[in-house]
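Chemist: Spelled out from the first residue to the last, the chains are:
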Amino acid sequence: MAAVSAIIIALVQVVLFVFLAPLLIGVIRQVRATIEGRAGAGIWQPWRDVRKLLVKNPVRAADSSWMLRVGPVALMVSSLLLCVLLPLVGTIPFPSIPSDLFVIVSVMLIGVVALALVGLDGGTAFGGMGSSRHMTVAALVEPTLLLSVYALSIPAGTSTISAIVETRLFSPEVIISPVSVLALVALSIAIMAETGRLPVDNPGTHLELTMLHEAMTLEASGRDLVWLEVGSWLKLAALLGLVSNLIAPWGVVTDFSALGLLIGVVSIAVKVLVLGVLLSVGEIFLAKVRLFQVPELLAGSFALAFLAVTASYLVA
Amino acid sequence: MTGIGAGLLLQLGLGALAVVSALAGAPSLRSRAGGILCTLIAVTGFLTGLAALLGATGGLLIPIALPMDPLLLAPDRLGGLFMLIVSGVGILVSLYAMSSTRGPDASRTAWAAMPVFLVGMQLVPAATDSVSFLLAWEIMTLGSTVLLLADHASRATVASAGIWYSAMSQLSFFFILAGFAVLAAASNGTSFTNLQAIEPGSGPANVAFVLFLLGFGGKAELVPLHVWVPRVLPEAPSHVSAAMSGAMVKIGVYGGLLVCVRLLPDGPAWWAIAIMLVGGASALYGILQASVSSDLKVLLAYSTTENMGLVFLGLGASMLLRGYDATAAADAALVAALLLAVSHAAFKSTLFLGAGAIIHATGERNLDRLGGLGARMPVTASAFGIASLGAAAIPITSGFVAEWMLLQSLIHGGRLDGAVVSVAASVAMPLAVAVIALTAGLALLTFVKAYGIAFLARPRSVEAADAREVPPLMQLALALGALSVLALGLLPGPIAALVANTISSNPTVAVQSVGLGGVSLPGIGAVLDPIILVALSALVAIPVIVSIIVSARRHPHRTIDLPWGGGGSRARPRMQYTATSYAEPLVRVFDDVLKPSRDVQVTHVAESRYLVEHVRVEQRVSDVIETRLYRPVLNLFQRYGIVVRHVANGSIHRYLSYSFVALLIVLIVVSL
Numbered sequence: 285m286a287a288v289s290a291i292i293i294a295l296v297q298v299v300l301f302v303f304l305a306p307l308l309i310g311v312i313r314q315v316r317a318t319i320e321g322r323a324g325a326g327i328w329q330p331w332r333d334v335r336k337l338l339v340k341n342p343v344r345a346a347d348s349s350w351m352l353r354v355g356p357v358a359l360m361v362s363s364l365l366l367c368v369l370l371p372l373v374g375t376i377p378f379p380s381i382p383s384d385l386f387v388i389v390s391v392m393l394i395g396v397v398a399l400a401l402v403g404l405d406g407g408t409a410f411g412g413m414g415s416s417r418h419m420t421v422a423a424l425v426e427p428t429l430l431l432s433v434y435a436l437s438i439p440a441g442t443s444t445i446s447a448i449v450e451t452r453l454f455s456p457e458v459i460i461s462p463v464s465v466l467a468l469v470a471l472s473i474a475i476m477a478e479t480g481r482l483p484v485d486n487p488g489t490h491l492e493l494t495m496l497h498e499a500m501t502l503e504a505s506g507r508d509l510v511w512l513e514v515g516s517w518l519k520l521a522a523l524l525g526l527v528s529n530l531i532a533p534w535g536v537v538t539d540f541s542a543l544g545l546l547i548g549v550v551s552i553a554v555k556v557l558v559l560g561v562l563l564s565v566g567e568i569f570l571a572k573v574r575l576f577q578v579p580e581l582l583a584g585s586f587a588l589a590f591l592a593v594t595a596s597y598l599v600a
Numbered sequence: 015m016t017g018i019g020a021g022l023l024l025q026l027g028l029g030a031l032a033v034v035s036a037l038a039g040a041p042s043l044r045s046r047a048g049g050i051l052c053t054l055i056a057v058t059g060f061l062t063g064l065a066a067l068l069g070a071t072g073g074l075l076i077p078i079a080l081p082m083d084p085l086l087l088a089p090d091r092l093g094g095l096f097m098l099i100v101s102g103v104g105i106l107v108s109l110y111a112m113s114s115t116r117g118p119d120a121s122r123t124a125w126a127a128m129p130v131f132l133v134g135m136q137l138v139p140a141a142t143d144s145v146s147f148l149l150a151w152e153i154m155t156l157g158s159t160v161l162l163l164a165d166h167a168s169r170a171t172v173a174s175a176g177i178w179y180s181a182m183s184q185l186s187f188f189f190i191l192a193g194f195a196v197l198a199a200a201s202n203g204t205s206f207t208n209l210q211a212i213e214p215g216s217g218p219a220n221v222a223f224v225l226f227l228l229g230f231g232g233k234a235e236l237v238p239l240h241v242w243v244p245r246v247l248p249e250a251p252s253h254v255s256a257a258m259s260g261a262m263v264k265i266g267v268y269g270g271l272l273v274c275v276r277l278l279p280d281g282p283a284w285w286a287i288a289i290m291l292v293g294g295a296s297a298l299y300g301i302l303q304a305s306v307s308s309d310l311k312v313l314l315a316y317s318t319t320e321n322m323g324l325v326f327l328g329l330g331a332s333m334l335l336r337g338y339d340a341t342a343a344a345d346a347a348l349v350a351a352l353l354l355a356v357s358h359a360a361f362k363s364t365l366f367l368g369a370g371a372i373i374h375a376t377g378e379r380n381l382d383r384l385g386g387l388g389a390r391m392p393v394t395a396s397a398f399g400i401a402s403l404g405a406a407a408i409p410i411t412s413g414f415v416a417e418w419m420l421l422q423s424l425i426h427g428g429r430l431d432g433a434v435v436s437v438a439a440s441v442a443m444p445l446a447v448a449v450i451a452l453t454a455g456l457a458l459l460t461f462v463k464a465y466g467i468a469f470l471a472r473p474r475s476v477e478a479a480d481a482r483e484v485p486p487l488m489q490l491a492l493a494l495g496a497l498s499v500l501a502l503g504l505l506p507g508p509i510a511a512l513v514a515n516t517i518s519s520n521p522t523v524a525v526q527s528v529g530l531g532g533v534s535l536p537g538i539g540a541v542l543d544p545i546i547l548v549a550l551s552a553l554v555a556i557p558v559i560v561s562i563i564v565s566a567r568r569h570p571h572r573t574i575d576l577p578w579g580g581g582g583s584r585a586r587p588r589m590q591y592t593a594t595s596y597a598e599p600l601v602r603v604f605d606d607v608l609k610p611s612r613d614v615q616v617t618h619v620a621e622s623r624y625l626v627e628h629v630r631v632e633q634r635v636s637d638v639i640e641t642r643l644y645r646p647v648l649n650l651f652q653r654y655g656i657v658v659r660h661v662a663n664g665s666i667h668r669y670l671s672y673s674f675v676a677l678l679i680v681l682i683v684v685s686l
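As given, the protein sequences belong to chains W and D, one line each in that order.
Numbers 285 to 600, taken from this note's numbering, label the letters of the first sequence in order.
Numbers 15 to 686, taken from this note's numbering, label the letters of the second sequence in order.
Everything labelled a hint here was simulated from the structure, so no lab data went into it.
Mixed in with the good hints, there may be bad ones.
[Unchecked claim] Here are the computed distance ranges between Cβ atoms for each label pair:
| hint | chain 1 | residue 1 | chain 2 | residue 2 | range |
| --- | --- | --- | --- | --- | --- |
| 1 | W | Ile531 | D | Val434 | 45 to 53 Å |
| 2 | W | Leu598 | D | Asp339 | 13 to 21 Å |
| 3 | D | Leu530 | W | Ile531 | 31 to 39 Å |
| 4 | D | Ile50 | W | Ile291 | 46 to 54 Å |
| 5 | D | Pro485 | W | Val288 | 32 to 40 Å |
[Claimed, not checked] Under 7 Å between C-beta atoms, here's a sample of chain D residues computed to sit facing chain W:
| hint | residue |
| --- | --- |
| 6 | Trp418 |
| 7 | Leu421 |
| 8 | Ser440 |
| 9 | Leu456 |
| 10 | Gly466 |
| 11 | Arg472 |
| 12 | Ile546 |
| 13 | Ala555 |
| 14 | His569 |
| 15 | His571 |
| 16 | Leu600 |
[Said to hold, decoys possible] Anything over 10 Å on all C-beta distances counts as not near chain W; from chain D, calculated:
| hint | residue |
| --- | --- |
| 17 | Val33 |
| 18 | Thr123 |
| 19 | Leu149 |
| 20 | Trp178 |
| 21 | Ala295 |
| 22 | Asp339 |
| 23 | Val393 |
| 24 | Ser475 |
| 25 | Arg572 |
| 26 | Pro599 |
| 27 | Pro646 |
| 28 | Val675 |
For glycine and all other residues, C-beta sits at the position ideal for the given N, C-alpha and C.
Here chain W stands alone, though its shape is the one from the complex (with noise of 0.2 Å):
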């Protein structure tokens, strides 16, 4: 039975966020526009562009190998893990696959040496160069990545994410403990690296030297780019969603219902967007940081993930 309503929810993740990351990405556009005094192209442009880019006639480039096709369903396949095995809408975990928090940095890891391996693939000195500076900040960003996994780790016993969102909901206290908020300062910052937003890459850019993200993906075009798109928008939905999660775990399913279900799509949808809308405005204030400022930006993190650690074992 436990098993059968794993499999529907993480059903009703990936449905779910399959539609919602095209969405969340038009709100945070939208929002910033709209703060920056320009029109904006509606909330639902992500949408158009991913139709637009399905149709077209992909061009590759004759030097080119199976990478630049593969690549980019890797990525997407791993955000579509991430989505199934991250408590998202519930915190049933799949029998003998739990949501380990270990397996899940290593299944978006996938996605990030896909992206890398493609950035190289097109064979010019852009997508090296981005492919190059992506992997820098990859290898970087991981210390703080595991370590703040481990501080969150400490209260519930466990690296399992849903019984770490369930020990959150069970005793909120967790989440306002020194500890646990050092574990997600750090995690978000993290995170924020790890999707490419400000302050260490700029999203909108194009054509910029200082771009990380942009640039692996110029030599893509059509299908082969509408995965690197919304495999890497899957991948910022379903991180914000497991922070969302983590800061206020109600409305989680944890024991399976129709109605349950309902509360738990609508909750997360919600506060994914909410997340979404606080990140845009958040970034309006950012300027990008040089890149080279980047590996201190995340060895603050770094202490912030170790303290956590350190102060879960000698204070708590």
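Start from chain W and add chain D according to the hints.
Modeler: Only chain D this time, still in chain W's reference frame:
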């Protein structure tokens, strides 16, 4: 005679036959015959090791006339596991060498040394007394040194690597010999059973531990004794580098386990902390050097240091946790260390063989001159790619399972039933997790670079553009290696359960096999089932793939010559990112550790100094430990040598007076 004894005897016989056939056989048949005999040796070793791992007992007793315990070769389960690792790599390497060796690599000496090396590596884990251990160790070292020197006549760097290797391996041997000597003196025996009687915290045990750490650490490429690695592994023929990195280095690990788990178990906490420090430093330093290296084989060599560092980190963590009675986490950490060793043997030998295939096809091991090999050498590319995923610890490969288990044991090790076990553990565990995380992140960059620059994009040199796929037998070895990486990653449960047998009498408490080859750690409540992960990915991939097929029917792709129109027709392959430029941000970030030397020369056009004619950039990252630690010592020796030259200037009168003075001193000492 038992099966294990027969297996060991058969290996010795086959080894002797292989040496004879290499020395006496016709040159045209040498590689074929040598390859077949070496494969047979490795297969025999594999079966013997498997039998020992499954619990078969027995062995080979060699009576000697000296007044000490007899020489006994009788591997226990742990020894069996390492025989299995070594011979598994041996099979790959022998198959590969059969068709890859040519010129000096296929000489009479090289093919005679190969079986000696393989048999020597098999005998070390089989030994149950210190004398046969040391004998087998020297056979192994001798075989590998001769193999390394195959190409010494044509390349000066090989000769220099040979000197470094001999010096460092004899240093290791000296430390191990001294360690066994200290233990043997304290226990009045040379067999391991006698040595086990020594109290781990006692004075002789402490001295022996430090000596063993230096000795086995040198063989296992740990910092700061790793200096031979970036010289030796790149200069040796690729199949030899694969055997050294995949198998011989594991013998160093075996030595560490022999001391810390079998001979002197439950040592004091500082032993564990020392091992963790050395392991952590090696992991970080190794991967940092690997990530900035542009030479493919140097990169792989440094990455070996990283992996062995992680193995020792796991071993140290398990010792520390066992000291605080966190048995479940300690067992899991030890199993993780063993799994790391097994998976490293699989992926690193495949990577070295892949590097050998690249050299075979292009004659080039500098990544900056490769590129576009994926389309030209598809089998090599796939095998190298899968092994790279293993090295970067990406699911569903062997490397991922091992690293996952290590992380699980670390995060659950700090607490026992909700209570903090100790201050030391609660600082050591987060630091260890951070080290592993940074190592994993940099490994990801390193292997994306290695694979992406070598196999993707456009060829950066004529040699790379003209590359052809290697002969079928080499492809077979590569494919077998890649399959083993996948198999170890997809079926971690049975393998981990088998491995757990070697270290615990009650292994099901530590590790169990669940589901479809999944692994479960009941003591700390963690489960992983890679096959289900694969099934889930396949399920979510179906809609994506269906939509691709539909879209591809309606909107076929177009191929164009000019990938990036903005650069016009002048976007040449030279303008792509190279391995050096790929690692450039990292070199800047870790400037203080790596201390790169960079030289930029700008030549201006004669008419105007505002126009640049060409720019020449040279960047060199040297091994800081070698230049700061070894160079001063070597310089000291050199100065001493120069001084001593005056003392021994060849004058016979002077030498006679030296002997006379020496005789006088002896007489005075005796008469006192």
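Chemist: For each hint, tell me whether it holds in the structure or not.
Modeler: Verification of the hints:
no.	hint	result
1	W/Ile531 / D/Val434: 45 to 53 Å	violated, 27 Å
2	W/Leu598 / D/Asp339: 13 to 21 Å	holds, 20 Å
3	D/Leu530 / W/Ile531: 31 to 39 Å	holds, 36 Å
4	D/Ile50 / W/Ile291: 46 to 54 Å	holds, 52 Å
5	D/Pro485 / W/Val288: 32 to 40 Å	violated, 52 Å
6	Trp418	holds, 5 Å
7	Leu421	holds, 5 Å
8	Ser440	holds, 3 Å
9	Leu456	holds, 5 Å
10	Gly466	holds, 4 Å
11	Arg472	holds, 4 Å
12	Ile546	holds, 4 Å
13	Ala555	holds, 5 Å
14	His569	holds, 5 Å
15	His571	holds, 4 Å
16	Leu600	holds, 5 Å
17	Val33	holds, 45 Å
18	Thr123	holds, 41 Å
19	Leu149	holds, 43 Å
20	Trp178	holds, 30 Å
21	Ala295	holds, 16 Å
22	Asp339	holds, 17 Å
23	Val393	holds, 14 Å
24	Ser475	holds, 14 Å
25	Arg572	violated, 5 Å
26	Pro599	violated, 4 Å
27	Pro646	holds, 31 Å
28	Val675	holds, 62 Å
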